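> Spelled out, the chains give:
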Amino acid sequence: MKSKGIAIPYVVWMAVFVVAPLVVVVVYAFTNRDWSVTLDHFTTLGQYAGVFGRSFLLAFVATIVCILIGYPLAYFLARERGRLRGMAMLLIMLPMWMNFLLRTYSWVFLLERNGFFNNLLSAIGLPKLDIINTSGAVVLGMVYNFLPFMVLPIFSVIEKIDPRVIEAAQDLGADSATVFRRITFPLSLPGVLSGITMVFIPSVSTFVISRLLGGGKTLLLGDLIEMQFLGSAYNPHLGSAISLVMMVIVLICMGVMNRFGEGEGEAVLL
Amino acid sequence: MKRNGPLSRLFILLVFLFLYAPIFVLIVFSFNDSKSNAVWGGFTLDWYVQLFQNDTVLSALRTTLLVSFLATLIATVVGTAAAIGFYNMKRRPRGILLGINNIPLTNADIITGVSMMLLFVFAGQALASLSGWLNNLEWVIDANLWFDLDFNLGFGTLLIAHITFDIPYVILSVMPKLRQLDPNIAEAAQDLGATSLYAFRKVVLPEIMPGVVNGALIAFTMSIDDFVISYFTAGSQESTLSMVVYSMVRRRVSPEINALSTLMFVAVLVLLVVINLRQGHQDAKEAKRRKALGAPTIAPESIMDITTENVGREPSER
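In order, the protein sequence lines correspond to chains Y and S. Start counting the first sequence at 1476; every next residue gets the next number (the numbering used here). Start counting the second sequence at 40; every next residue gets the next number (the numbering used here).
Hints were generated in silico from the structure; no laboratory data involved. Nothing here was measured: the structure is a model prediction, and the numbers come from that model. Incorrect hints may appear among the rest.
Partner residues aside, some chain Y positions facing chain S, computed with beta carbon under 7 Å [unchecked claim]:
#, residue
1, Ile-1481
2, Pro-1484
3, Tyr-1485
4, Val-1487
5, Met-1489
6, Pro-1496
7, Phe-1527
8, Phe-1531
9, Trp-1572
10, Leu-1577
11, Ser-1581
12, Leu-1601
13, Met-1702
14, Ala-1708
15, Tyr-1709
16, Asn-1710
Think of the CB as a built atom: it goes at the ideal place given N, C-alpha and C, for glycine as much as any other residue.
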């Protein structure tokens, strides 16, 4: 049981299929079609500033909405006792196990001009709304698809909080608002941080949601990258440059957030 | 902590409504005798019949099941071995390797897909120029021996991609079981004359088995559910079910999709019930065993907990 050698196949595998692909992306990003080194792809990225801005903005809004819905949900579920709690967690997981294209697609006909939702509105005498093919619909799709990723980590962190810590605070005279502000919330912060990562990264890089619910009008980074590799604007070198920049921005965001979050957590605990 | 009041109960209910309304509507309209997704035209099973006569869907289903099964099998074996190897390493190399292991988990799917596609295309081109170069060598011309090294995106590349994003999940669910393992018991078995392989098979493997099974189940689910990475690495010849759904969904007409989603939902439901029954059975067995040993009863983590824990752990271990 002391052998390290049996990890060798996977180490080789990672070198070839995890590290090498990223190296290839970097190589493509800095070269032209004839393999001469260039920085052109990065200098021309300025024309896509709008797409970058829109992607990060929509992903940011979706993440905030996920926190606003997901945190209370996780908190309430963690307070439930017995069967309902176990069932509730299973019910949160269940939609995640269904094909996400199908789940997103069902919103298309729920929100269509003559769809379910608008028929419901006109049935009760309200005017129809144009929701589909707007940025709002794209955000809704992101929230719908990635909300469980926010709820699950928060729930598992709150669930592990020792009830005696809360009792101790109550014994020392804290009311429930103080208990939440000084105990529960700081202790649940790691869950919120991983929830943010798990919602933000897929939101900022999606191309399926924007294509299905945005009707091609809301161009996001994912769409832009997909177009460079499999779409009309075939140019893997530019696509690599966009991917690389997106990856770096996301890494910086997450790094800053995690550092900020750690500092915050400690400060409150002290 | 205080109990939930009626307001928080209402909030829970509303969020569940939000999560389930689309699925519910899909299921209801899969029995709708009308092409429209808004008007109810009576009950029918036609869409199910049409679905099973659709060759594209059936062959995609075959590809999906085959690639998921093979990827899970290979990822479970390689991943379990790698987890044991990592566990035996010193802190520093283990940290670095686990960091690399986390890359496919934390990277956006599109980046993983695109980067692997580029690698495959690049390798294909390199092989093609290699065979061109070889074919120009004199001894090759003299011997009339032609090289035709080349490969395209297809089932092979799809399988490689799936194995690559499956292994990290296996490692993340086997690792905690290894940490819980008492290192003395394997040594005790060896002191009693077991070879190290025998000790592994009879002592270590049964202890980490729940982690291995969970890892395999998560890997299988991830493979079945994947769209983005398959989309970039499968090429134009192979299609998984998700890719067929994507092309169907973009045309937005056929209620066959509703039938397909209903069937997939029912399949997932059945799978979950089976897993839960198995888990309950295992828990009971475990409790009995612990009781017999006089040890305190500890409820083993369910599949769900393992998933949530891994989900929660990702960024901090990066």
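> Hint by hint, say whether it matches the structure.
Results of checking the hints against the structure:
no.: 1; hint: Ile-1481; in the structure: holds, 4 Å
no.: 2; hint: Pro-1484; in the structure: holds, 6 Å
no.: 3; hint: Tyr-1485; in the structure: holds, 4 Å
no.: 4; hint: Val-1487; in the structure: violated, 10 Å
no.: 5; hint: Met-1489; in the structure: holds, 5 Å
no.: 6; hint: Pro-1496; in the structure: holds, 4 Å
no.: 7; hint: Phe-1527; in the structure: violated, 14 Å
no.: 8; hint: Phe-1531; in the structure: violated, 13 Å
no.: 9; hint: Trp-1572; in the structure: holds, 5 Å
no.: 10; hint: Leu-1577; in the structure: holds, 4 Å
no.: 11; hint: Ser-1581; in the structure: holds, 4 Å
no.: 12; hint: Leu-1601; in the structure: violated, 16 Å
no.: 13; hint: Met-1702; in the structure: violated, 12 Å
no.: 14; hint: Ala-1708; in the structure: violated, 14 Å
no.: 15; hint: Tyr-1709; in the structure: violated, 12 Å
no.: 16; hint: Asn-1710; in the structure: violated, 12 Å
In the structure shown, a violation is registered for the earlier hints numbered 4, 7, 8, 12, 13, 14, 15 and 16, in ascending order.
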